[in-house]
Amino acid sequence: MKALTPKGAVLLCLYVMMGCTLISCSHDLEEDLHQAQALTLINVEAEVFDLINAHRVEIGLNPLSDLDIAYPKAAEHTEYMVLTGEASHHNFYDREAYLISQAGAEDVAENVAKAYGTAEGAVNAWLGSEAHKAVIEGAFTHGSICVMKDEHGKYFYTHIFVKK
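Counting in the working numbering, the sequence shown runs from 1 upward without gaps.
Just so you know, the hints here were simulated from the structure itself, not pulled from any lab data. Heads up, some of the hints might be wrong.
Quick list of the computed label-pair ranges, beta carbon to beta carbon [claimed, not checked]: (1) K149 x I59: 27 to 33 Å; (2) A87 x D66: 31 to 37 Å; (3) A134 x S88: 28 to 34 Å; (4) D107 x E130: 15 to 21 Å; (5) N43 x P63: 26 to 32 Å; (6) A134 x K164: 15 to 21 Å; (7) A97 x L41: 24 to 30 Å.
Straight line, CA to CA, 25 Å or less: simulated PhoX-like cross-link-like pairs of lysine-lysine [to be verified]: (8) K133 x K154; (9) K114 x K149; (10) K133 x K149; (11) K163 x K133; (12) K133 x K164; (13) K114 x K133; (14) K154 x K114.
Beta carbons: idealized from backbone N, C-alpha and C, even for Gly.
Can you build the whole structure from these sequences, using the hints too?
Below you can see the structure in the form of structure tokens.
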């Protein structure tokens, strides 16, 4: 077995350092991409909330206040829909019971959606459906929205409405 020459040792060190740097850069790029996607989803959530409130104000209703305690429930349900690949109201009564007991809700409703690539698309679809529109225009005071994407880039939405 040959001994490592000084030049070989330097080249080996450079190779190892470059490999570590590439791994680090790759990790940083993945992290940056993940953060950018998370910010995009947060922006979509904010846009849905703003569009719903703009509609409510336009027809003379109060805008909804954000209800932080409802967000984890919206997120749990949105994640469930992503996993099942279906928009649904499964387990709604569990979310409702939680918000009645923990947030003092008098009434709870939700709108869900799947595959609308923009906040405006989801809100327009809800407003085009009498049942969903009735929720948006209901006597609610608070709300929380969660938006997630599945592995194919399809958006899933859960918007919880609460009357306190």
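State, for the Cβ atoms of K149 and I59, whether the hinted interval 27 to 33 Å holds or is violated.
-> Distance hint for K149, I59 holds at roughly 31 Å.
Pairwise hint evaluation, K149 against K114, where the allowed Cα distance is 25 Å at most | Roughly 9 Å between the alpha carbons, so the hint for K114 and K149 holds.
Is K154 within 25 Å of K114, Cα to Cα?
-> Holds. K154 to K114 sits at ~7 Å (cutoff 25 Å).
Is it true that the C-beta distance of D107 to E130 lies inside 15 to 21 Å, as the hint says?
-> 19 Å, holds
At the C-beta level, are A97 and L41 separated by a distance inside 24 to 30 Å?
-> 27 Å, holds
Distance restraint between K114 and K133, which requires alpha-carbon spacing of 25 Å or less = Given pair K114, K133 holds - Cα atoms ~16 Å apart, limit 25 Å.
Using the beta carbons of N43 and P63, state whether their distance is inside 26 to 32 Å or not.
-> Hint violated: Cβ distance 19 Å, outside 26 to 32 Å.
For the pair supplied as a hint, K163 and K133, confirm whether the alpha-carbon distance does not exceed 25 Å.
-> 16 Å, holds
Would you mind confirming whether the straight-line C-alpha gap from K133 to K164 stays at or under 25 Å?
-> 20 Å, holds
Indicate whether the distance between the beta carbons of A134 and S88 respects the range 28 to 34 Å.
-> Because 19 Å falls outside the window, the suggested range is violated.
Restraint check for K133 with K154, where alpha carbons must lie at most 25 Å apart = 23 Å, holds
Supplied distance hint 15 to 21 Å, evaluated on CB atoms of A134 and K164 | Holds: the Cβ-Cβ distance is about 19 Å, inside 15 to 21 Å.
The earlier numbered hints that this structure contradicts are 2, 3 and 5.
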